[in-house]
Each structure stands twice: as structure tokens, then as C-alpha cells.
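Q: Chains as they are written, first to last, in full-length UniProt numbering: chain E, 1 to 453; chain H, 1 to 350.
Derived by calculation from the structure, the hints in this document are not laboratory data. Honestly, I wouldn't trust all of these hints.
Below, simulated DSBU-like cross-link-like pairs (lysine-lysine); rule was C-alpha separation at most 35 Å, straight line [what the hints assert, rightly or not]:
(1) H/K214 to E/K219
(2) E/K90 to E/K228
(3) E/K90 to E/K105
(4) E/K412 to H/K214
(5) E/K412 to H/K77
(6) E/K219 to H/K228
(7) E/K445 to H/K242
(8) H/K228 to E/K93
(9) E/K79 to E/K228
Quick list of the computed label-pair ranges, beta carbon to beta carbon [what the hints assert, rightly or not]:
(10) E/S442 to H/Y24: 33 to 39 Å
(11) H/E327 to E/R428: 20 to 26 Å
(12) H/A148 to E/N122: 19 to 25 Å
(13) H/L346 to E/P274: 17 to 23 Å
Ideal Cβ placement from N, Cα and C applies to all residues, glycine included.
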Amino acid sequence: MSIITLQLGQCGNQVGGQFFSTITDDISARTTGVSPKENKQYIDKSLETFFTQSEAPDSRDGSPSLPKARAVLVDMETKAINQTMLQAKKSGKWVYAANQGFSQKRGSGNNWANGFCIHGPNSQDHVMNLVRREVEKCDRLGGFMSLLSLAGGTGSGVGAFITQSLRDEYPHSFILNQVVWPYNTGEVIVQNYNAILTLSHLHDTADALIVMENDSLHKICAQLLNIKNISFADINHVIAHKLASVLQPCQAKEGTSHTACDLGFLLERLVPHPQYKLLTVKNIPQMSDVAKEFSVYQWPGLMRNLRQMLISDAPMEEGINWNIRPVAFRTESGHNCFNRSLSTLLVLRGRDISGVSTDMFNDPAIYAPWVSSDLSFCVAHQPRLFCEYEQAAALVSNSQASVRPLDRILSKAWTMFSSRAYVHQYLRHGLSEEDFLDSFISLEKVVASYNNL
Amino acid sequence: MRNRRNRTGSGVGTCILNLLEDEYPDVYRFVTAVYPSAEDDVITSPYNSVLAMRELTNHADCVLPVENQALVDIVNKITQAAPSTRPGKRVYSSGLVDTSTGCSSAVKADSALTAGAGGVSGSALDEKPFDKMNNLVANLLLNMTSSARFEGSLNVDLNEITMNLVPFPRMHYLVASQTPLYCMADMRLPPRRLDQMFSDAFASDHQMLKADPKHSLYLACALMVRGKVELSDIRRNIDRLKPNLHFVHWNEEGWKTGLCSVAPVGQPYSLLTLANNTCVHNTFSSVRDRFVKLYRRKAHLHHYTQVDGMEASDFSDSLESLNMVIEEYSRLEQTMGRPAEIEPRLNVLP
Numbered sequence: 001m002s003i004i005t006l007q008l009g010q011c012g013n014q015v016g017g018q019f020f021s022t023i024t025d026d027i028s029a030r031t032t033g034v035s036p037k038e039n040k041q042y043i044d045k046s047l048e049t050f051f052t053q054s055e056a057p058d059s060r061d062g063s064p065s066l067p068k069a070r071a072v073l074v075d076m077e078t079k080a081i082n083q084t085m086l087q088a089k090k091s092g093k094w095v096y097a098a099n100q101g102f103s104q105k106r107g108s109g110n111n112w113a114n115g116f117c118i119h120g121p122n123s124q125d126h127v128m129n130l131v132r133r134e135v136e137k138c139d140r141l142g143g144f145m146s147l148l149s150l151a152g153g154t155g156s157g158v159g160a161f162i163t164q165s166l167r168d169e170y171p172h173s174f175i176l177n178q179v180v181w182p183y184n185t186g187e188v189i190v191q192n193y194n195a196i197l198t199l200s201h202l203h204d205t206a207d208a209l210i211v212m213e214n215d216s217l218h219k220i221c222a223q224l225l226n227i228k229n230i231s232f233a234d235i236n237h238v239i240a241h242k243l244a245s246v247l248q249p250c251q252a253k254e255g256t257s258h259t260a261c262d263l264g265f266l267l268e269r270l271v272p273h274p275q276y277k278l279l280t281v282k283n284i285p286q287m288s289d290v291a292k293e294f295s296v297y298q299w300p301g302l303m304r305n306l307r308q309m310l311i312s313d314a315p316m317e318e319g320i321n322w323n324i325r326p327v328a329f330r331t332e333s334g335h336n337c338f339n340r341s342l343s344t345l346l347v348l349r350g351r352d353i354s355g356v357s358t359d360m361f362n363d364p365a366i367y368a369p370w371v372s373s374d375l376s377f378c379v380a381h382q383p384r385l386f387c388e389y390e391q392a393a394a395l396v397s398n399s400q401a402s403v404r405p406l407d408r409i410l411s412k413a414w415t416m417f418s419s420r421a422y423v424h425q426y427l428r429h430g431l432s433e434e435d436f437l438d439s440f441i442s443l444e445k446v447v448a449s450y451n452n453l
Numbered sequence: 001m002r003n004r005r006n007r008t009g010s011g012v013g014t015c016i017l018n019l020l021e022d023e024y025p026d027v028y029r030f031v032t033a034v035y036p037s038a039e040d041d042v043i044t045s046p047y048n049s050v051l052a053m054r055e056l057t058n059h060a061d062c063v064l065p066v067e068n069q070a071l072v073d074i075v076n077k078i079t080q081a082a083p084s085t086r087p088g089k090r091v092y093s094s095g096l097v098d099t100s101t102g103c104s105s106a107v108k109a110d111s112a113l114t115a116g117a118g119g120v121s122g123s124a125l126d127e128k129p130f131d132k133m134n135n136l137v138a139n140l141l142l143n144m145t146s147s148a149r150f151e152g153s154l155n156v157d158l159n160e161i162t163m164n165l166v167p168f169p170r171m172h173y174l175v176a177s178q179t180p181l182y183c184m185a186d187m188r189l190p191p192r193r194l195d196q197m198f199s200d201a202f203a204s205d206h207q208m209l210k211a212d213p214k215h216s217l218y219l220a221c222a223l224m225v226r227g228k229v230e231l232s233d234i235r236r237n238i239d240r241l242k243p244n245l246h247f248v249h250w251n252e253e254g255w256k257t258g259l260c261s262v263a264p265v266g267q268p269y270s271l272l273t274l275a276n277n278t279c280v281h282n283t284f285s286s287v288r289d290r291f292v293k294l295y296r297r298k299a300h301l302h303h304y305t306q307v308d309g310m311e312a313s314d315f316s317d318s319l320e321s322l323n324m325v326i327e328e329y330s331r332l333e334q335t336m337g338r339p340a341e342i343e344p345r346l347n348v349l350p
């Protein structure tokens, strides 16, 4: 089942480039932990999902042609796309298909209205054509994954518009959006407006949104990976790692039968109700390549840490608050004292996974009471090592954790909106104050729903 | 770009601004405007300035005011900081001549040089600093457009500058400040430490406008960084400088960051800050006061009203427009230090 990736805006393109690199690095890893036959199965499945391969050798020098990413690159100015395509070629392991990039000259100016109302409609035909070209190359379409950031103008505005077009043209396909939340303090001043406008639209059209916060990713880089001068490339590396750890091939065990854990399965299990679409991904362990050689972990320890990361909403395995417990009572304001989940999916990759006990995740106390216990938790296995980690686990959860950053952004956006600052910049491109208010209302509803879990 | 005290720059310039708006309404219009200093030799410069300002307020998307006095001071600073000149140094000839006054402003600028100089050699006295001053403004434009011309991990185009720094339509006047300071490809100054560069940018002697933003209210601030600087460096410096700056309550985190990988020639890195700060109302007030002094007496008005298409009401309208801009900035500045009234969020049922 193939997944087509749409890279939208500078962030989306940079993350996308890193994502495909991470997949090819994983595929070409030397330590695999399984037999060559099983390894080949894994590689074939992964290539099938994310790349097209042609039988014919490269026309220029007769060498076998490189896998081409199933991707569409969209940006309103040319630099990011050119850079991303160049870096892919330089890797020597994969490339982007020719002419799958669409760009303009002017950029969106960090203006959601410019992206959604002007550039979106203008580029719709071209972009949907590129998508169609990729779809036609697939034997079986698994779904779409869009990569975008919420802060800018293209990823957010054009992204929201294109997701809507995708939904209109492929009403039965799965659409997963991976959204990057900007740092709390400034990358873009109007990032809060752009974020709430995008999220309110995506929440309607996409099937699920995977939330990744720059602040959390930064912490992971600083504390776990020990990077001194953190750049966006480092952050993108972490994002790519998280996505790949979930989307690379694995098998879910349901009773005695096995199902391939593809995009459809993921979304079915994690989004039981359309009002709850925000997902987070937690990984354990995370470390630099150098540390990997010297680290030894045990599964029970990893599982315990991961569960506590879930309950206490910690971004990583350092600094976890062990005092938080899944208790039934709520605070005076009606909030939970821990991070309650709707549903979770655990992916185990590496050695000795068949014996790992995951019952602690099946504890009804950590889930909302109205979700039936056989639907709230699911495990997927893959004995083939992921990126040469002896043990690696990824936990995708639909929980209250996603609402925390949303709540914060809503507050800031509302404060700014009360003084109508910057609003004229959006109105001049076709938005109205009504549109703003609609976005606020629909997101307040999402926050309220999650808080009442 | 226009010089606003001189009749050609301000008059023809603003006319062209109007034409650009009609012809290309979707393209953003940036204006670098040179504001006259207090002791200005063009007598009617206040009239030219205020008349031009109305056009800038209504038809430009973003204005970067620049004061000659600030530029002169910066040039002085550079000359003093550089090691002594080699013998036989070339004397630069000025490319810019003031049309209304001939050479008198050149003499004035020279005297500013000698006043501060002390140990400057004789040949430097004959130099006209306009080239160096223009060089500073040229560097400003280069830094501002660097993201559009080169690659970087966080590109900032010109339209993004307007989007993030202009919260209300008429409040589009930005105070620019650059580090490191150098002109005419003079590379003899040693490079500063990175954090020092950020601190310098917020020092008033690096600004292109004589103003005091630190004691006024910031509406928004953009940091355009070039060269070998990482995201974490920028974030660290923002955290360091923020406590000393006052931001308006609805934009406490009003920082826009741009990162371009290519540094200016001969420098390891550079920083341009563009701040939308309420301190500009002081500059505008002094321009207005000089205008009013002349206007009250109707002095020299007939030179303007004799021209076809120019009416007395243009003067009063322009004054009105300038007053409104000053009023908007002052009103915001007065909210400084007062507790903010937060509107409660919407209460919805799930």
C-alpha cells in the first residue's frame, strides 16, 4: 500500500527530504537482526510504500536507476524545493521524480490568507495533476501524508487548501497531516493566527493530524542527542525518525491473526471519533549514532518509561515526572491530573520483541471510560532492526497531550485578535473577521472535547 | 529610495509611489526615506517632508526612516575605531550633490567629522562622507534582501517583513539597526563575538534613526541574521535581550527571525534588526513642529501653491495625516507599563 507524500512550504520540503533520507538509510542499514530473506521482504515493502522503482537502467550511464520518492513538492518560491531536490541527488541513494515540484516566484509572505485564498486556487490544477501522476504509478494507494508547518504562509495556507482539494478528489482515501508547531517564542509573529486558521480547516478535512512541537524536538536534540548548536536540520532529523519509526513496515497482532499496519489501519485504530484527530508520537530510546554502539537496554525498562512518558506527557525519557499517576478524580476545574488517552498504538522494533509484556498499556485507567478496552490499545511488531537500534519503540497516542499546545496558541491568538492587530493583512487577501471567529469556535470545541475525556 | 528634504526626491518620488500602487497594486512598496535633521539648511524642508509623509503613510507598505545625523555619527564611529589610515590614501569624491543648496551641506558634514575626530589625518578632512553614508544605507538594503537572493534555513522575503512587522495599516515605520558596522568595504575592523553583535544591534548608536526604542514600546521586531549563525544562538540571544525590552501586551513574543547562510563580503556574520517601535513618534513630532512653525506664518507657501495641481488644502490634509500617525503611536506607547485588559476567551460547549 503506497503512501504519497506532499511536501508543502519550506518546512514541509525540508522535513520531507530528511524523511526519505531516513527511510533509505534504514533500508541500507547493515545490522538488520533478521535473515536476509526477511530483510529483503522488509526492504521491498518499504520501497513499495514510499518509492517507485523503474526496471529500466538509468538512461545516462546504464547503472540501475535510483528509487524515486512518491512525493509532490509544493512551495510558493523556488529556493527550498531546489535545495531539497539537490540534496536528494547528492545522497546517491534516491531522487525525486523529475517535474514533481511546483513553485512560484513570490512566496506567501507568512500570510495564511495569501496562501489559502490566492495561491491555493491558482496552483490547485497543477498540484492536483502532479498528485494524479503519482497516484497512477501506485498499484494500491494507501493514502496521503502531507508535511507542513503551521507558522508560515505556504505550508499552512496552501496546505489547508490542497488538503481540501485532496479530500474532494479522493473522498475515500486516507489523509494524514504531519504538522510542525513553531517555537513558543518567535519564528514568525503571526504564527498563532496562521496556526489556528490552518488547524480549524485541517481538522475538518484530514483524517488525523500528527502534532510535532519544535520546542519538544529542540529539547530532545539538546538533552538526548547532545547536539551543541541545534539547527533545523537536526530538528528535521528527529521528525523524520519519529515518522519513519511508525510508518516503516510492521505487523499488528489482533488475536491470532496478523494485519499489515498500514496507514488505513493506523487511522482506524487511533481515530475512533471525528472530534478527536490529534495524535502525538513518542519514541524510546533516542540517542546519537555514537551512543547507539554502547547502549544496552532492556524491554521492561523501556516499556515502563514509555508508559510514564505517556501518562505524564513527557517528550522524552529524561526528566520524567514519576509522581503522576492515572487516578480517577479530576481537579476543581474539571481537568484530569494526568494525560488521559483515547487510544494508543505501540510499535516494537528490534530483538526479542515476542516476549515483551505490554499489559501495562492495556490498563483501562489510562483511557477514557467510554472507549471499549479491546479498541483502545494495539501492538505492532517488527523484528527487523530500525536504523540499527537494538530495541526501538514508538507510541502513537490520541490523547490530551495534543491539546496543551493548542490551548496555548488559542490564548495568544485571541489576545492578538482582541486588538485586531495584523488582521488587515489577512482581510486584504479575501478573509473576513467571521472566518477568524469560526476558526476560534471550532478549535475551542476541540479543546473542550479533549479536556472532558 | 528618496531623500525627503530635497524637492526632487520627495515630490517626484511620492508621485512615482502613487503610480506604482496604481500599476502594481499587489507588489509591496518599500521606501527608504532620508529624514532631515534638526539643523537643516534647506529652509522649506519641513514642508517637503510633511507633504511627502502623507503619501508615504497612505501609499507605501513599509518605510525605513533614515536620519543623516545618525549616518554621520556611525561613519565617525567607524573612522575612529579603524586603525590609522595608510599614507597616500585616496580621497573619495562625493556622488550625491544636494540640488537645492550646492556644497553647503558637504561642509557641514565635514565639520561633524572634524568635531569628533581628534587624530584624523589631514587628507580625511577633504573627504565628503556621503559615499560612506550611502554605503550604510546600501548595506541595509543588501541585508534586507539577502534572504531573497541567497539560500538559508529560514528564508524571509520582503513581503514577510511587511506581514510580520506592520500590525496596523498606517503604522509601518521601522527603525533599522545594523551590526557589524563597516563601510566602503573597509575590513580592518576585527569581527565581534556573536552575542556582542546582538547586543550592539540594540544599542542606539547603531541605529539609522536618532531615537530611543529601548525606553519605548516595541510593536514587533525582526532579526535578519546572515552567516555562520545557528538557530540556537538566535534563540539564546532573544532570551537574553527580551527582559530589557518592552513589548506591547498582545505581542509579547513579537520576534520575526530570518536566517540566511551567506554572510556579507568579508564578515563571518551580520545582523540587521528592523523594529516597529513607538519611539518614531518623537522624530515625527519634531518634523511636525518645524512644519507648524513655518505654516503658521504661511511662510514660503506661495512657492508651492503657484504650481498647478497643488492646493492649500494639501497642507492641512498632510498635517492631519501626520498628526494621526503620531497619535496612533503615542496612544500605544501610553499603554506601556499599565496592566493589560485581557478579553476572556470564547466559552463553547463540547
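Q: Work down the list of hints and note, for each, if the structure agrees.
A: Against the structure, the hints:
At most 35 Å may separate the alpha-carbon atoms for a hinted pair to count; H/K214 and E/K219 meet this at roughly 31 Å. With a CA separation close to 26 Å, the supplied pair E/K90 and E/K228 stays within the 35 Å bound. A threshold of 35 Å between alpha carbons decides the hint, and for E/K90 with E/K105 the separation of about 25 Å falls inside it, so the pair holds. Of the supplied pair hints, the one linking E/K412 and H/K214 holds, its CA atoms being roughly 24 Å apart against a limit of 35 Å.
Between the alpha carbons of E/K412 and H/K77 the distance comes to roughly 42 Å, so the proposed pair goes past 35 Å and is violated. Of the pairs offered as hints, the one joining E/K219 and H/K228 holds, with about 22 Å between alpha carbons and a cut-off of 35 Å not exceeded. With a CA separation close to 34 Å, the supplied pair E/K445 and H/K242 stays within the 35 Å bound. Distance hint between H/K228 and E/K93 is fulfilled; the C-alpha atoms sit about 29 Å from each other, no more than 35 Å.
Under the criterion of a C-alpha separation no larger than 35 Å, the hint pairing E/K79 with E/K228 is consistent with the structure, at around 27 Å. Range check, E/S442 to H/Y24: Cβ separation about 37 Å, and the 33 to 39 Å hint holds. Against the hinted window of 20 to 26 Å, the Cβ-Cβ separation of H/E327 and E/R428 comes to about 23 Å, which satisfies the hint. A C-beta distance of roughly 21 Å is found between H/A148 and E/N122, which places it inside the suggested range of 19 to 25 Å.
Between H/L346 and E/P274 the C-beta distance comes to about 21 Å, which sits within the given range of 17 to 23 Å.
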